Amino acid sequence: MVTPIIMPKFGQMTEESTIVEWFKKEGDKVAKGDMLFAVETDKSVMEVESFEEGTLLKIVTKVGIGVPVQSIVGFLGAPGEAVPEVPALEVRSSAKQAVPSQAAVSRLPERPSAATPAAAPGPVLPIEQPAQIFRISPRAAALARASVIDPKPINGTGPAGRIVEKDVMAYLASRGYDALRISPAAKALAVKEGLDLLAIPATDGRIGVAEVERAVAEKPVAMPKMRQVIAERLTTSMATAPHWYASVSVDMGEVIAAREQMKAAGNKVSFNDFISYATVASLKDFPNFNSTTDGKVLRWKSRVHLGIAVSLDEGLVVPVIRNADELTLAELGARAADLAVKARAGKLGPDELSGSTFTISNLGMLDVENFAAIINLGEAGILAVGAVVKKPVVRGDEIVIRPMMKMTVSSDHRLIDGAMAARFINAVKKRLEDSETWKFLT
Amino acid sequence: MEVFDVVVIGAGPGGYPAAIRAAQLGASVAIVEKERLGGTCLNWGCIPTKALIAAAETFDRLKHAESIGISVTGASVNYAGMVAHKNKVVAQLNAGIKQLLTANAVKQFAGTASFKDRGTIAIGDGTVVGAKKVIIATGSTSTMPGFLPKHPRVVESRGFLDLEKLPASLIVLGGGYIGCELACMAAMLGVKVTIVELLDDILAPADVDVRREVRGHMEKKLGIRIMTGTALSDVAADKNGVRAKIGSETVEAEMLLCSIGRKPVTEGLNIEAAGLAPTQRGFIEADDYCRTKVATIFAIGDVTGKVQLAHYATSQAITAAENAVGGKPKKHEMLVPSVIFTSPEIGAVGLTEDEAKKAGRAVKTGKFRFAALGKAMAAGEIGGFVKWIADSRTDQLIGATVVGAHATELIATATTAIRAELTAEEFGRTILAHPTFNEAWMEAAHAVHGSCIHAAPLKRN
Numbered sequence: 000m001v002t003p004i005i006m007p008k009f010g011q012m013t014e015e016s017t018i019v020e021w022f023k024k025e026g027d028k029v030a031k032g033d034m035l036f037a038v039e040t041d042k043s044v045m046e047v048e049s050f051e052e053g054t055l056l057k058i059v060t061k062v063g064i065g066v067p068v069q070s071i072v073g074f075l076g077a078p079g080e081a082v083p084e085v086p087a088l089e090v091r092s093s094a095k096q097a098v099p100s101q102a103a104v105s106r107l108p109e110r111p112s113a114a115t116p117a118a119a120p121g122p123v124l125p126i127e128q129p130a131q132i133f134r135i136s137p138r139a140a141a142l143a144r145a146s147v148i149d150p151k152p153i154n155g156t157g158p159a160g161r162i163v164e165k166d167v168m169a170y171l172a173s174r175g176y177d178a179l180r181i182s183p184a185a186k187a188l189a190v191k192e193g194l195d196l197l198a199i200p201a202t203d204g205r206i207g208v209a210e211v212e213r214a215v216a217e218k219p220v221a222m223p224k225m226r227q228v229i230a231e232r233l234t235t236s237m238a239t240a241p242h243w244y245a246s247v248s249v250d251m252g253e254v255i256a257a258r259e260q261m262k263a264a265g266n267k268v269s270f271n272d273f274i275s276y277a278t279v280a281s282l283k284d285f286p287n288f289n290s291t292t293d294g295k296v297l298r299w300k301s302r303v304h305l306g307i308a309v310s311l312d313e314g315l316v317v318p319v320i321r322n323a324d325e326l327t328l329a330e331l332g333a334r335a336a337d338l339a340v341k342a343r344a345g346k347l348g349p350d351e352l353s354g355s356t357f358t359i360s361n362l363g364m365l366d367v368e369n370f371a372a373i374i375n376l377g378e379a380g381i382l383a384v385g386a387v388v389k390k391p392v393v394r395g396d397e398i399v400i401r402p403m404m405k406m407t408v409s410s411d412h413r414l415i416d417g418a419m420a421a422r423f424i425n426a427v428k429k430r431l432e433d434s435e436t437w438k439f440l441t
Numbered sequence: 000m001e002v003f004d005v006v007v008i009g010a011g012p013g014g015y016p017a018a019i020r021a022a023q024l025g026a027s028v029a030i031v032e033k034e035r036l037g038g039t040c041l042n043w044g045c046i047p048t049k050a051l052i053a054a055a056e057t058f059d060r061l062k063h064a065e066s067i068g069i070s071v072t073g074a075s076v077n078y079a080g081m082v083a084h085k086n087k088v089v090a091q092l093n094a095g096i097k098q099l100l101t102a103n104a105v106k107q108f109a110g111t112a113s114f115k116d117r118g119t120i121a122i123g124d125g126t127v128v129g130a131k132k133v134i135i136a137t138g139s140t141s142t143m144p145g146f147l148p149k150h151p152r153v154v155e156s157r158g159f160l161d162l163e164k165l166p167a168s169l170i171v172l173g174g175g176y177i178g179c180e181l182a183c184m185a186a187m188l189g190v191k192v193t194i195v196e197l198l199d200d201i202l203a204p205a206d207v208d209v210r211r212e213v214r215g216h217m218e219k220k221l222g223i224r225i226m227t228g229t230a231l232s233d234v235a236a237d238k239n240g241v242r243a244k245i246g247s248e249t250v251e252a253e254m255l256l257c258s259i260g261r262k263p264v265t266e267g268l269n270i271e272a273a274g275l276a277p278t279q280r281g282f283i284e285a286d287d288y289c290r291t292k293v294a295t296i297f298a299i300g301d302v303t304g305k306v307q308l309a310h311y312a313t314s315q316a317i318t319a320a321e322n323a324v325g326g327k328p329k330k331h332e333m334l335v336p337s338v339i340f341t342s343p344e345i346g347a348v349g350l351t352e353d354e355a356k357k358a359g360r361a362v363k364t365g366k367f368r369f370a371a372l373g374k375a376m377a378a379g380e381i382g383g384f385v386k387w388i389a390d391s392r393t394d395q396l397i398g399a400t401v402v403g404a405h406a407t408e409l410i411a412t413a414t415t416a417i418r419a420e421l422t423a424e425e426f427g428r429t430i431l432a433h434p435t436f437n438e439a440w441m442e443a444a445h446a447v448h449g450s451c452i453h454a455a456p457l458k459r460n
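So the protein sequences, as listed, match chains A and B.
If you read the first sequence in numbering that gives the first Met the number 0, its first letter stands for residue 0, the second for the next number, and so on.
If you read the second sequence in numbering that gives the first Met the number 0, its first letter stands for residue 0, the second for the next number, and so on.
There's no promise every hint is true.
[What the hints assert, rightly or not] Just a sample of chain B residues kept apart from chain A, beta carbon distances all over 10 Å, derived:
no.	residue
1	Thr-48
2	Ala-74
3	Val-128
4	Val-207
5	Lys-262
6	Thr-313
7	Glu-408
8	Leu-421
[Claimed, not checked] Facing chain B, according to a computed beta carbon distance under 8 Å, are these residues of chain A, among others:
no.	residue
9	Pro-183
10	Ala-184
11	Gly-204
12	Val-208
[Claimed, not checked] Estimated spans, in silico, between C-beta atoms of each pair:
no.	chain 1	residue 1	chain 2	residue 2	range
13	A	Lys-267	B	Val-293	31 to 39 Å
14	B	Glu-253	A	Arg-205	50 to 58 Å
15	B	Lys-220	A	Arg-205	42 to 50 Å
These aren't lab readings, by the way, just hints derived from the structure by calculation.
If you're wondering where the values come from, they're calculated on a predicted model, not measured in any experiment.
Heads up, the beta-carbon is just placed ideally off N, CA and C, and yes, glycines get one too.
Just chain B, same shape as in the assembly:
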């Protein structure tokens, strides 16, 4: 039996960086993957959706380019071409990961890993490897509730991304970020979309002003029908389409996309043999150092049930690998930005205004709308705003949110500032290049103290 210093289970955005980091530190490393390198993120999540959304946005901009002096006639969508672009990107990145693992002498095993004991792992085909340390990074998978019929017209995000052709109409069950991203993408490509959400609003944890902005755009500009605070029932599917009830109303569509949440993957892993037990909801608990209850086993990413985001898993991966290989144990990073590729886009980091208030912190906010920003006007992208949340006692920036064009890029500026514990005053003194979208952060930092240059004062004495 071959014994490795570190065995990583799962090669998603948590697993493969963990393997590479451990190898960089001189450990002998094996990685076990049951499907494809890159995991959900690369194959059925972040990357493929962004490939399709980028294409859909380009098409949408062409349709609305008249206002900046471009007339486009005859633009049309070749969805199969978009899918081909997506597949090419995924294949390229896939190959890249394989190359990186090989270059770092990480031994790759294909199959489902299963613990025999805390230091021994069997892999699908019967291979058994020994592990001094194990990093579990098995990720998560879409939840499909039992009341939905099993039918090709009822899909979750993974199935939806593999479609060769978009349906003419679509019911999206679940108004979280995955459902809303795909709903926007489909709507921009001409699909008639209805979103059904059980909670009172879509994109629930986002800032309330942001939700209003995005929901308004989705409903008024993209023509998406959004039904919140209501449940979907009596779902039936046949070769003609999907029918379901929302309250007393019957809705019909060619397809139904289910995006109500994700559940951890521990099937077949046999963690009990390693001395671990899943939580009630099936997660594997890990502390701030990515340690599980068993000293030699670490866990990272979606399977730990903390924040289910790829970049968070990657950050934890590096910490877990370093802690597994040795040295002074480090805590993983806690400040996690989130980005949502709806139309318009959303970026958020730190606390929202509501969260800060619920935590009993006195806060000040500063907001600046892109409509007042030179670059945004020039680019014809004036929707949305940036918003800072600062602690009113110390002026510390504790949260930021942005909605509008480039929001997912812009949030990086705020993340750096919050992690460095800058105050609104300090940030406001930072020179940000003109003309850029990022200037909005500086204006909003001034707005925290009511000293915004490019906004009329709220009241004059």
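Bound-form chain A, shown alone:
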């Protein structure tokens, strides 16, 4: 029986998604639980597993095309079964795919190979660059190829700006090509790697294998999809929200004492859980920090969904503790621990990765004293927390040694004035330092 593969809905807000990679090819056997494809939503990249087994009969939605959720992206079934005709849907072209081409090493044009058809069937993507016809004579192209150079920068003097052989020769002479001592093996390697020999820095006029290998190591590569998503979100946040920062030092003596007590009672709670708790409580008093704006409209959030930044090898994720304002300290701790484990295992669901209203980023474990974070897109602030360090501080007229911790709030200045940010971060500080806060919770 032929079963359609449906684009799942990721989170309540997602309307459309883009497949960034198919892990299976048409004709591949698929077992239950096999990963079928990876999807980029507006928040992250998720992998989608198969709930059926069979053979992947057809891929309807190609990589890079955005489709509405719940639409059919492919079919599973028994080999040879007929697949119903489905119009391939497209809601947008994914312009995000373009990799920046500016780099130290320019690449030769790839020659189309028979093994990888350049144009996939299905919807035709609009071509974004203006169609620019590159005119070069066969002799000129052959000389450029034999010289292992990229002919694109050459000025053509032939009809309609066509590059002819003498243009290539003039270009090579003007770039000092003949004076370069290029070893045969270096040339062979540059051909293999599609590098332009004139873009490779020579050492004392010589290009050897070592020089080409350095250029190979510097070849631009596409960032993983997850990093591209991170890059886009951080850039948008930094560009649209004017960041304003305020820092305070917190005496963590009371928190440490409370934590010891909880530990003795068998409750494992981290420093971060205390900070989360104090922050959530303060957000109630400063609702601006739990809202968002686009510069025109202010959107209040009645619940606190607290994002906790977790660093993974492949990038940062921000799992969300929903309704954090309803949770006790112990519950907050349990939720945070659970989410961190899931994050490291790559098992966070889409709803656990979206919808936060305020975020905490803690680099205390990494021995950072103080830093400022970039606001998670769609929020009004982020709290950056440093390490607890014993410091000499003045109490009364005495110098005493206290466990001190610095934290910095970044706030969207369109929405939050400096004084409000100052009051907010001091409210968090005060809660952390006040034994009354922790008395009943421990």
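Once you have looked at the hints, place chain B on chain A.
Only chain B this time, still in chain A's reference frame:
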């Protein structure tokens, strides 16, 4: 106290070229040598062994000249005469070095150098010199393990070369290149030789095909008994000979030659006073620019524990001298050919097939046997082959090895090609004169692409 721009410690194949190069560049230079100019290489290594091996090979060729139409009767060995030839060559070269140093105004000191601090060196007899820069080139010496008895019948290579008369039978402990060279030489002169090697094969780092070729010749043609993967124990020596155990078997011989390796010479140098410390194995560490951890002190050659070969020391010497005297620092050369004067000879440069594969490089090889080469047949020297190792991605020649007649000369061709980063295709287009042994390289380069003219194709479609 006399102060020199550069003081070189040790006058071996590293030290004396360093002194001369520094002097050529205008520096005031002193050189300190505790024994003889030329070091191990000239006095107790490369040169004397080659003098004796050349004589032994001549004798061996005479014995087997029947096949090319020469009958020799009554040929006999006068070992004392061979030793006299060797001593004459060594003396001549010795004098030559002295002359060169003098001509370059390098001041020579005899004695053991000892650092007082990084810029002050005391020399044996109490002379103290100042040094703006120091180049350490103290070399290495044979290792004698503690379980061997101290007896005139138990010698290392240096003692062996000074013998006036060869023993009738010889146990060689250690099947490295020094042990194998001397074993071949002795066997060609009629000595009954047994080689005992702890590793699984003799000449361990050489290409596996090469080892098979050489070992076969040594065992079958020279009658050398080779025992590998086994240790020698219970060694005893008295005036009648040497006795030892190999496993449960007892072996006897008139002498035992120990050639298990070499250790760096830093004794008395007092490098700690200069702010240096030897590595765990006693070497003085130097980087690719021949610099030690102390800015004014350089080290080259065997004492640095890199490749222990004379020509490598000489190459480093020139770099170290240039870097010590000034100018833009240069790295020393990394591509080091090695030559072994066994019978047959071996030459190798770059990576072996095994090394390349271990480094994760995809390689193609091209081999050509001398048996198919006109010149080799004409000369009656058909044993052995040449072999290229090329990177299969780029066709770059990355290693070469040759075994057979003239192998130690032939490796120069491959060294030049690899250093110039030639591809197998480029090399294959190079015209090599006919009829010569070197043509084998061209044929082998064609063989990398399966397009050898003088070999049947592996398979025909």
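The hints, checked one at a time:
The claim that Thr-48(B) lies off the interface holds: its Cβ sits roughly 36 Å from the closest Cβ of chain A, which is beyond the 10 Å cut-off. At roughly 49 Å from the closest C-beta of chain A, the C-beta of Ala-74(B) stays outside 10 Å, upholding its exclusion from the interface. Consistency note on Val-128(B): stated as away from chain A, and its beta-carbon is indeed over 10 Å from all of that chain's, at 36 Å minimum. A cut-off of 10 Å between C-beta atoms confirms that Val-207(B) is not in contact with chain A; the least separation is 25 Å.
Remark: the non-interface label on Lys-262(B) is consistent with the geometry, its nearest Cβ contact in chain A lying 34 Å away (cut-off 10 Å). Thr-313(B), annotated as away from the interface, keeps every beta carbon of chain A farther than 10 Å; the closest lies near 23 Å. For Glu-408(B), the condition that its CB be more than 10 Å from all CB atoms of chain A holds, with the nearest at approximately 24 Å. At roughly 5 Å, the least C-beta separation between Leu-421(B) and chain A is not larger than 10 Å, which violates its mark as non-interface.
Interface restraint check for Pro-183(A): the shortest CB-CB distance to chain B comes to about 4 Å, inside 8 Å, so the restraint holds. For Ala-184(A), the interface hint holds, since its Cβ comes within 8 Å of a Cβ in chain B; the closest pair sits about 3 Å apart. With 8 Å as the threshold, the beta carbon of Gly-204(A) stays out of range of chain B, its nearest partner Cβ sitting at about 14 Å, so the hint is violated. Checking Val-208(A) against chain B: minimum C-beta separation of about 5 Å stays under 8 Å; hint holds.
Distance hint check for Lys-267(A) and Val-293(B): the Cβ-Cβ separation is about 53 Å, which falls outside the suggested range of 31 to 39 Å. Between Glu-253(B) and Arg-205(A) the CB atoms are about 57 Å apart, so this pair conforms to the stated range of 50 to 58 Å. At about 46 Å, the CB distance of Lys-220(B) to Arg-205(A) agrees with the hint of 42 to 50 Å.
The structure is inconsistent with the numbered hints 8, 11 and 13, although it conforms to all the rest.
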